[in-house]
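Chemist: In case you want the letters, here they are:
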Amino acid sequence: MEIAKLVKEAKQGSTAAQKCLFDQLSDKMLLLCRRYVKNREDAEELLLDGFYKFFKNLPSFNYQGDPALYAWLKRIMVNECLMFLRKKNAFSMVTESAGEEMALEEAALNNLSAAEIFNMIVQLPVGYRTVFNLYAVEGMTHGEIACALGISEGTSKSQLSKARSLLQKMLAQKGTEYGKRKTN
Amino acid sequence: MANEKQTDGLHWVNKLDQLDSLPGASMPDKNSSWERLHGRLHEKRRRKNHGWYWAAACFLLLSAWPLLVKIKKQPVSLQNLVEQRQVPIQSIPAIVINPDMMPVITSKPPAKKEMAYHSLKHTPNPIEKNKIDPGEGMIAADSKADSTTTTMSGHGPDTAVALVAAMPAKKRLPVVHINELGKQEQENAKFASRTQWPAFQIRFLNQENNSGTSTAPVHTASDILQIKIPLKN
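Quick mapping for you: the protein sequence lines, in order, are chains A and B.
Each residue of the first sequence is one higher than the one before, starting from 1 at the first, in our numbering.
Each residue of the second sequence is one higher than the one before, starting from 1 at the first, in our numbering.
Among the clues, some could well be false.
With the C-beta cut set under 10 Å, the calculated list includes, among others, these residues of chain B facing chain A [said to hold, decoys possible]: (1) 12; (2) 15; (3) 17; (4) 27; (5) 40; (6) 53; (7) 63; (8) 79; (9) 83.
Since the hints were made in silico from the structure, they are not lab data.
By construction, the Cβ of each residue, glycine as well, lies at the ideal position given by its N, Cα and C atoms.
Extracted from the complex, chain B is given alone in its bound form (with noise of 0.2 Å):
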């Protein structure tokens, strides 16, 4: 606004300055206009008595509070949620484990053990190639490591080695092979001569079963899959 001296003696800019109105380019209708205008300078007013629903809203906020407080102060703790939703117990199904559906044992590696042991068996160390017997399966294969520790404790005075060859050993588990049939009288009559078998109970919602080891008669879904399992070595 400033740079006055660029229009000075611009007769122009004065004639477009002073110029009022166009033929047909005044406004249609200034009354109309004028009453959109003087709404909107007056609308400022019209929303101060938007203070009615402020007071409104506070009132259902007061109404409200006492409930709300209510709300706030019970604790709210999974164990209260859970005695507010127990199930009877008769709509749950019980789950009882039949003995005759217990896996079968088998001396017999499956397949993807027999290629463990391939792989194994590729191993140029000759000394652990003497170690293995196929017939064994994986037994052989985990008892590889404590041989292969001895062979080697004899090699040198390695103290490491030494002490690691020292170490009792480790007491081996029982492979038990699944999935596979072998003859199931001479399988059966072993299962059932077999009196330390570790005993499953599972027991859904405290339900009474033949081991009579139930004592809660309240069932409540807090004892939900309650398992069991008395281990004898």
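Looking at chain A on its own, in the form it has when it is part of the complex (with noise of 0.2 Å):
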């Protein structure tokens, strides 16, 4: 059934639409919470309460197109991690220098897979992984992200350095040569 057509029923509050809506949009939206909490039970209650205040709101969601509906379904679940992660105070961010550090030319990663580009996201520690995946993947500037943590600007981007010099050793680690050794 198309999602244009579940939402409105959805809307109108049917349960049977409002299941096929989660059937078809909870594993994607599982993968994007765990990729900020490491955790799986931890990443299907984020879900939960995601998808709570999605059907909570949709009688007030103004639906564009699919496009915009995913958009706003992660936007929820992107602020539910977030607020997970404040709670916990997991923002414990690293803020000891590497020796060395290595810009990760993020062209390397179209080399690999989807799986394995997840993979290596999910290794970061919690403040890399937070930080990269908002600047990098949502797309957030450096002030949306210390607004959105409660960080500074400074914090955002050294943490996004690190982030990068992480995935670059292990990028290097997994045999691919496509980082770029920078010397400071």
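Since each chain sits alone in its own frame, please combine them into the complex, following the hints.
Modeler: Structure below.
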């Protein structure tokens, strides 16, 4: 069934339509949650919280196409994840300076599969991972990230830099020589 | 979200975005998750049934209202409380003061007073030095102020000092030193001969005593600790 029709019926309170929407979108959204929260049970709980808000606010949502719906649902899920991380005080930003920083050539990631990229991102520390997800994947600016996480822009930048460095190291370990060594 | 430029040309972001599921990473039991979500979505409807609890609470409040009003109407005062809690007089023990247990009057000052005298003795004022009599003890020490003012009034035309000197001298009260044993018979005779000794009567709860001054036959807790001190000067 088309998403538009399901949304229309779900707005009218159809439980079947709501279940269909949940079945269609839950896997994708679970992956998104797991990119932010490593623990699977926590991610599932956040998924349910996000869908709860989604269905509660669906009557007030003006459907303008599938991408808009996806973007809205993604935004709800990301906010849930950030709230969860903030509650857990998980933003213990790693501040120790690495001896050498490696600049990540993000084009190198293009040669990897989606699953490999996902697994690499999940392996990052929570601070690095959150900032990297928000900046590189969600496309937020450092100012927006600083507001969302309650940190300074400088911290956001340094976390992103360290995340890239760590990803480059991971790529190097994988044997891919797309990284470019940067001397400070 | 507005900064989409930085992800332009990055194929890996689109790949990641289009990833629907990972092998082994999908939800194990969607139905149970949906049941949980469905339950939470319809939880509010169930909460509407809590109106019964409110109704029951209102009913209880209304049924208890007359009792609350009755309690509120009764003025709560100390007198009422005391009347409500009348204690039988037999339950409270009587305290009788035995005249034999009265303190003995001696002329010798206690050791503490002697120390005070010694401190006065070492004062460098030669005028006061002559006024202090060691045998008199504190009486001499008390009279020090009067004698000093008298002496000073003769020194110069200080009007303030003269006014103080013109004022009538304070009546000296007899100094009684207790806790000192004197001659027992002499003191007893002295005590017995003293007719104007202040009579202390401590009566608890209007208890009848030898003087027969109590006229109130009704004994209430409000009469606790009445002290009658008829003093005749």
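Chemist: If a hint holds in the structure, say so; if it doesn't, say that too.
Modeler: Consistency of the hints with the structure:
1. Given hint, residue 12 (chain B) at the interface with chain A, holds; its Cβ is 4 Å from that chain's nearest Cβ, closer than 10 Å.
2. The beta carbon of residue 15 (chain B) is positioned within 10 Å of a beta carbon in chain A (closest approach about 4 Å), and the interface hint is therefore held.
3. With 10 Å as the threshold, the beta carbon of residue 17 (chain B) comes within range of chain A, its nearest partner Cβ sitting at about 8 Å, so the hint holds.
4. About 6 Å separates the beta-carbon of residue 27 (chain B) from the nearest beta-carbon of chain A, less than 10 Å, and the hint is met.
5. Using the Cβ-Cβ criterion of 10 Å, the hint placing residue 40 (chain B) at the interface with chain A is satisfied: the shortest such distance is roughly 5 Å.
6. Taking 10 Å as the C-beta contact cut-off toward chain A, the hint placing residue 53 (chain B) at the interface is violated, the least distance being around 25 Å.
7. For residue 63 (chain B), the suggested interface contact is broken, since its CB lies about 40 Å from the closest CB of chain A, more than 10 Å.
8. With a cut of 10 Å, the hint placing residue 79 (chain B) at the interface with chain A is violated, because the nearest CB-to-CB distance is about 59 Å.
9. Interface restraint check: residue 83 (chain B) against chain A, minimum CB-CB distance 61 Å, threshold 10 Å, status violated.
Hint compliance for this structure: hints 6, 7, 8, 9 are not met, and every other hint is.
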